[in-house]
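**Q** Single-letter residue listing:
4 protein chains.
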Amino acid sequence: MICDDLPVATFEPHDPDWAARVRTGVARQAFMTTLGAEIAALAPGAVDLQTGFAEGLTQQHGFFHAGVTTSLADSAAGYAALSLFAPGFGVLTSEFKMNLLNPARGRRLVARGRVIKPGRTLTVAASDVYGIDDDGEVHVATGLFTLIAMEGLGD
Amino acid sequence: MICDDLPVATFEPHDPDWAARVRTGVARQAFMTTLGAEIAALAPGAVDLQTGFAEGLTQQHGFFHAGVTTSLADSAAGYAALSLFAPGFGVLTSEFKMNLLNPARGRRLVARGRVIKPGRTLTVAASDVYGIDDDGEVHVATGLFTLIAMEGLGD
Amino acid sequence: MICDDLPVATFEPHDPDWAARVRTGVARQAFMTTLGAEIAALAPGAVDLQTGFAEGLTQQHGFFHAGVTTSLADSAAGYAALSLFAPGFGVLTSEFKMNLLNPARGRRLVARGRVIKPGRTLTVAASDVYGIDDDGEVHVATGLFTLIAMEGLGD
Amino acid sequence: MICDDLPVATFEPHDPDWAARVRTGVARQAFMTTLGAEIAALAPGAVDLQTGFAEGLTQQHGFFHAGVTTSLADSAAGYAALSLFAPGFGVLTSEFKMNLLNPARGRRLVARGRVIKPGRTLTVAASDVYGIDDDGEVHVATGLFTLIAMEGLGD
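Residue numbers (the UniProt record's numbering), protein chains in the order written: chain A, 1 to 155; chain B, 1 to 155; chain C, 1 to 155; chain D, 1 to 155.
Here chain A stands alone, though its shape is the one from the complex (with noise of 0.2 Å):
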């Protein structure tokens, strides 16, 4: 038998302020602004941040440039992890690997940061990032990321 039900773990924040400090830091990356990028979505392991198209965000065929799918996809799973953190930790990202799946076409484009596993020092959490269109959404590229708590960090 065959199963493909992954199972989707339920989280339980360890900072009632957990929701604040994950807006206010998406708030406080520049970058972020840079790239016109806002949550969409977010819960205790799980955020969602979204941009829409814009001509200084392509490469050279018109679509999103894969630095900013990797951008929005690395921001999502950063702070999906801070969203689990203990409150004084602060999260960097230690490593990641993307597979570009589709040309990152659409009006908009959402990278879903999911935990997989938490933990006390390093965190891992899948980013997926989809094209949104009229007519649908395409999976764009598919990401793992280690995520490090790191005490006394701000973010």
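If you are wondering where the hints come from, they were derived from the structure by calculation, not from laboratory data.
Among the hints, erroneous ones may be present.
Unchecked claim - EDC-like mimics (lysine to aspartate or glutamate), calculated; alpha carbons at most 20 Å apart, straight line:
{"no.": "1", "chain 1": "D", "residue 1": "K117", "chain 2": "B", "residue 2": "D15"}
{"no.": "2", "chain 1": "B", "residue 1": "K117", "chain 2": "D", "residue 2": "D15"}
{"no.": "3", "chain 1": "B", "residue 1": "K117", "chain 2": "B", "residue 2": "E12"}
{"no.": "4", "chain 1": "D", "residue 1": "K117", "chain 2": "D", "residue 2": "E12"}
{"no.": "5", "chain 1": "D", "residue 1": "K117", "chain 2": "D", "residue 2": "D15"}
{"no.": "6", "chain 1": "A", "residue 1": "K117", "chain 2": "C", "residue 2": "E137"}
{"no.": "7", "chain 1": "A", "residue 1": "K117", "chain 2": "A", "residue 2": "D15"}
{"no.": "8", "chain 1": "C", "residue 1": "K117", "chain 2": "C", "residue 2": "E12"}
{"no.": "9", "chain 1": "C", "residue 1": "K117", "chain 2": "A", "residue 2": "E137"}
{"no.": "10", "chain 1": "B", "residue 1": "K117", "chain 2": "B", "residue 2": "D15"}
{"no.": "11", "chain 1": "A", "residue 1": "K117", "chain 2": "A", "residue 2": "E12"}
{"no.": "12", "chain 1": "C", "residue 1": "K117", "chain 2": "C", "residue 2": "D15"}
What the hints assert, rightly or not - Some chain D residues near chain A, calculated using beta-carbon distances under 7 Å:
{"no.": "13", "residue": "D15"}
{"no.": "14", "residue": "K97"}
{"no.": "15", "residue": "T146"}
Heads up, the beta-carbon is just placed ideally off N, CA and C, and yes, glycines get one too.
We have chain A already, so just place chains B, C and D on it with the hints.
**A** The following block gives chains B, C and D in isolation, referenced to the frame of chain A:
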């Protein structure tokens, strides 16, 4: 005996206009302009891209955002691969992996893309990113990239 | 709204003999025999491989070695990809990335390879590895794989 | 100007018994014995592991299985990291990425693990694998590894 000397491959370009194609390609990526990126050096199979510090490129602690580091690394690897392609082939990134080694601080950020193994369809390249200040440079990130040569894809 | 339901793609095989080709392929990998690996389940785009615990597969703390975990994950991803190839195409792994999530303990180790995006040349697949004991299963590792379809390459 | 000379870091071990610890560690991995692996060279931050060709290590085309290549690369990177740890710390692999560059043929397979950035908690290392025959060596694979130092974890 430990041998740490990596053999430096000398690559022969398949297109006499390889340098012009790389320059044109970088110029056509609007997102590279958004990042303020420019070519710092190029040779067959090797492209250095750099950008200067700007507030709009930072994360929450005032360093270059990992997305900037990665975008620069990706484009450096991609154009290093393109420099060895036959005329009429464009470049797409298939996948990549980045390890972030140190905070991306500095007045300039330089990504050094180097082809490890060229191929007719797939090319593997490394890209190392350095933060540069008056007192030297620090190794900010190292990554591995797989690039695809696509016939008829303009750059 | 956070949507955690991943769309489960239903894949159509291009070869009516896909299942026989996967079984033959696994049987021809001598290293799979060395690991004691066998097919636990298969469907178009999905292959589960498993092996039982053996002293010769361990690392220094008595758990399955990361190399065993990875070998199983790689073959599961590879045969999941092969199950969707047209007749006459063989499979090679181009690259992959693994995150090790928990110590690989258990009486059995199961790798579940799932195609994320099939392609004529490149296929992207995920592979998740679980350690299984009487009291349930633990998520040992998750990985992303790029597989190449090679015409004329026997499996 | 393109500078291809990578600075070769010279590492100072923190444990006068580093070499003995590496040798003991490799000897305790039963799976290394299964693979026939042995230490070919070692220095602080650098470990070479090798194994000879054997039928039981092959994939369907008679080359070394990617799982063998990866297992050797992983252990070489892990022991390269361990060689720089303080006494009392053991090593675990957190994650890694491999690019397979050429068929893994040869009478011997050698993995060269090299620390790129040592750290108190996380160490980043590269590992390159070569197939060696009478007529020279071929670059089979290149990878990046993140290793964790765990206090109280025996090796």
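**Q** For the pair supplied as a hint, K117 of chain C and E12 of chain C, is the alpha-carbon distance within the 20 Å limit?
**A** Within the cut-off at roughly 13 Å; holds.
**Q** Please check whether K97 of chain D passes as an interface residue: C-beta within 7 Å of a C-beta belonging to chain A.
**A** It holds, given that the least Cβ distance between K97 of chain D and chain A is near 6 Å, below 7 Å.
**Q** CA of K117 of chain B to CA of E12 of chain B, is that 20 Å or under?
**A** holds (13 Å)
**Q** Can we keep the D15 of chain D interface hint, with Cβ of chain A closer than 7 Å?
**A** Constraint on D15 of chain D not satisfied, violated at 22 Å.
**Q** Tell me if the straight-line CA distance from K117 of chain D to D15 of chain B falls inside 20 Å.
**A** violated (37 Å)
**Q** Checking one constraint from the list: CA of K117 of chain A to CA of E137 of chain C, max 20 Å. Satisfied?
**A** Judged against 20 Å, a Cα distance of about 15 Å means the pair holds.
**Q** Under the criterion that the straight-line Cα-Cα distance not exceed 20 Å, is the pair K117 of chain D, E12 of chain D satisfied?
**A** holds (13 Å)
**Q** Run the distance test for K117 of chain B versus D15 of chain D: straight-line Cα separation, threshold 20 Å.
**A** violated (37 Å)
**Q** Decide if the proposed pair is consistent with the structure: K117 of chain A and E12 of chain A, CA atoms, cutoff 20 Å inclusive.
**A** Cα-Cα ~13 Å, so holds.
**Q** Just to be careful, I want the Cα atoms of K117 of chain D and D15 of chain D compared with a cutoff of 20 Å; is the pair within it?
**A** holds (18 Å)
**Q** Was the hint right that T146 of chain D lines chain A, CB cutoff 7 Å?
**A** holds (6 Å)
**Q** Decide if the proposed pair is consistent with the structure: K117 of chain C and E137 of chain A, CA atoms, cutoff 20 Å inclusive.
**A** Distance of about 15 Å is within 20 Å: holds.
The structure fails hints 1, 2, 13 (numbered hints given earlier, in ascending order).
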